[in-house]
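**Student:** Sequence:
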Amino acid sequence: MESPDLARIARARWALRTTFFFMGMTVAATAARLAEIKSHIGATNTAFGISLMVGNLGALAGTMVGGRIAHKVGTRKLVQIVMVGVGAAQVLNGFMNALWQVPLVAFLGGFTYSLTNVGSNSQGAMIESKSGKSLMPSFHGSWSIGALTGSLAAGSIAKILTPQSHLLINSIVGITGIIFVSRGLLPFASDKEDIAANQVVQHRAPIPPKIKRFLYLVSFGSLLALIAEASVGDWSAILLKEDLKVGIGVNTLGYSSFLLAQIAGRFLAGRAIDRYGIPTVLKFGGLLGGIGYAGGLLISRQIVAQHQILAVSVMCISYALLGLGVSPMPPAYVTISGSIPGLPTSRALARMGIVSSLGFFFGRGAVSLLAGWIGLPLALLFPAFSLIGCAFLAANLRVERIAE
Numbered sequence: 000m001e002s003p004d005l006a007r008i009a010r011a012r013w014a015l016r017t018t019f020f021f022m023g024m025t026v027a028a029t030a031a032r033l034a035e036i037k038s039h040i041g042a043t044n045t046a047f048g049i050s051l052m053v054g055n056l057g058a059l060a061g062t063m064v065g066g067r068i069a070h071k072v073g074t075r076k077l078v079q080i081v082m083v084g085v086g087a088a089q090v091l092n093g094f095m096n097a098l099w100q101v102p103l104v105a106f107l108g109g110f111t112y113s114l115t116n117v118g119s120n121s122q123g124a125m126i127e128s129k130s131g132k133s134l135m136p137s138f139h140g141s142w143s144i145g146a147l148t149g150s151l152a153a154g155s156i157a158k159i160l161t162p163q164s165h166l167l168i169n170s171i172v173g174i175t176g177i178i179f180v181s182r183g184l185l186p187f188a189s190d191k192e193d194i195a196a197n198q199v200v201q202h203r204a205p206i207p208p209k210i211k212r213f214l215y216l217v218s219f220g221s222l223l224a225l226i227a228e229a230s231v232g233d234w235s236a237i238l239l240k241e242d243l244k245v246g247i248g249v250n251t252l253g254y255s256s257f258l259l260a261q262i263a264g265r266f267l268a269g270r271a272i273d274r275y276g277i278p279t280v281l282k283f284g285g286l287l288g289g290i291g292y293a294g295g296l297l298i299s300r301q302i303v304a305q306h307q308i309l310a311v312s313v314m315c316i317s318y319a320l321l322g323l324g325v326s327p328m329p330p331a332y333v334t335i336s337g338s339i340p341g342l343p344t345s346r347a348l349a350r351m352g353i354v355s356s357l358g359f360f361f362g363r364g365a366v367s368l369l370a371g372w373i374g375l376p377l378a379l380l381f382p383a384f385s386l387i388g389c390a391f392l393a394a395n396l397r398v399e400r401i402a403e
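At position 330 of the sequence shown (counting the first as 1) the number is 329 in my numbering, and the numbers step up by one without a gap.
If you are wondering where the hints come from, they were derived from the structure by calculation, not from laboratory data.
A portion of the hints provided could be inaccurate.
Think about it this way: if two alpha-carbon atoms lie no more than 27 Å apart in a straight line, the pair counts; the simulated BS3-like pairs of lysine-lysine are [stated by the list, open to error]: (1) 129 with 211; (2) 191 with 129; (3) 244 with 132; (4) 158 with 282; (5) 209 with 282; (6) 129 with 71; (7) 282 with 71; (8) 282 with 211; (9) 132 with 211; (10) 129 with 158.
Based on the sequences and whatever the hints tell you, model everything.
**Tutor:** Printed below as a string of structure tokens:
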């Protein structure tokens with residue numbers, strides 16, 4: 000019979016998996032319908048993309064206060080409360096009818112989702128530490144399953160339900176699901192234990208230079224991966240609809256291909272990391288995903304006029320390679336940050352979130368501006384090369400470097 004502690008950890012493990020599932024399902028429905036939202040507003044790629052950038056300012060604001068809020072109320076309660084705001088932002092996306100509304104809704108979405116990320120990823124790092132296994136990839140894999148569920152549902156009902164009705168129903172399901180399942184997450188006492196076990200750096204004390212430099216390096220890798228991953232949610236439905244000329248519903252295939260491969264990668268990544276180590280897995284994923292993404296963009300652009308179906312197929316394959324390559328990266332960066340000796344988990348993740356959100360703000364802006372100057376397919380080469388950059392950075396992401 001399991002001890003109370005082991006049973007509690009096992010319960011929290013499944014609670015977090017289902018929490019991530021509902022998080023992914025809630026936001027993926029919006030990503031799948033962005034092409035319709037953009038068309039309804041009548042915005043250009045550049046204007047729409049720059050408006051979405053404000054979401055990164057919201058994420059930056061959220062990560063700046065996320066650690067403090069988590070210390071006061073606990074990561075479990077943080078997830079439960081803030082998910083209501085995440086769902087509200089997704090619903091508002093469907094009701095936008097003017098460009099000026101996009102940055103306001105994007106800020107709300109970024110702010111609330113970043114707070115939820117601080118809570119859920121801190122829970123994941125604590126559960127992983129208590130379990131002694133590489134679990135973060137499977138937690139994020141559950142997010143991908145939820146996102147795939149939301150994407151496939153969006154593609155199948157896009158011609159039946161309006162974005163307003165669809166996003167309202169989807170968000171109600173997501174909020175209700177998270178409030179129910181998150182009750183099984185680790186209690187506030189676990190947050191206090193984590194803080195007490197990492198008292199080398201007090202909550203308000205300056206972070207030592209060696210730890211700070213390493214954390215900035217991890218954060219930079221995280222933002223490069225985030226630029227690549229977010230480009231799929233932001234632009235895949237728009238790329239397939241406007242550049243590859245496919246219809247509503249079918250234009251979600253790229254995002255679905257990405258998510259399907261990401262799911263497979265995340266559930267395989269734990270074993271790969273345990274066997275080969277995080278740096279090796281990140282290097283392989285960066286090269287596979289970045290080169291595959293770049294190749295698909297260039298090839299599909301050249302052949303779409305004569306072979307549309309083939310171009311769409313090539314792009315879906317490239318999205319699958321990107322999904323497989325990027326799959327271990329977010330959980331791996333969380334694991335690295337959460338394992339920094341002497342630094343409380345929530346503080347490390349919040350600091351990483353601040354740096355990566357600020358950097359991603361400029362990265363997202365670069366894609367938007369490039370889309371107006373050279374077209375969307377070529378602009379998306381920037382995220383592809385960002386992922387390749389992760390591969391070259393990977394060798395430096397060893398926690399042991401702090402002691403060198």
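**Student:** Work down the list of hints and note, for each, if the structure agrees.
**Tutor:** Verification of the hints:
1. In summary, the hint linking residue 129 to residue 211 is supported, as the alpha carbons are separated by about 25 Å, within the 27 Å threshold.
2. Annotation: proposed proximity of residue 191 to residue 129 holds, straight-line Cα distance about 14 Å (limit 27 Å).
3. A threshold of 27 Å between alpha carbons decides the hint, and for residue 244 with residue 132 the separation of about 45 Å lies outside it, so the pair is violated.
4. For the given pair, residue 158 sits about 41 Å from residue 282 by alpha-carbon distance, which is inconsistent with the 27 Å threshold.
5. Of the supplied pair hints, the one linking residue 209 and residue 282 holds, its CA atoms being roughly 23 Å apart against a limit of 27 Å.
6. Distance restraint check for residue 129 and residue 71: the Cα-Cα separation of roughly 22 Å lies within the 27 Å cut-off, and the hinted pair is therefore satisfied.
7. With a CA separation close to 38 Å, the supplied pair residue 282 and residue 71 exceeds the 27 Å bound.
8. A threshold of 27 Å between alpha carbons decides the hint, and for residue 282 with residue 211 the separation of about 23 Å falls inside it, so the pair holds.
9. The suggested pairing of residue 132 with residue 211 holds, with an alpha-carbon distance near 26 Å, which does not exceed 27 Å.
10. Between residue 129 and residue 158, the direct Cα distance comes to roughly 47 Å. Violation of the 27 Å bound is thereby established for this hinted pair.
Hints 3, 4, 7, 10 from the earlier list are contradicted by this structure; the remaining hints agree with it.
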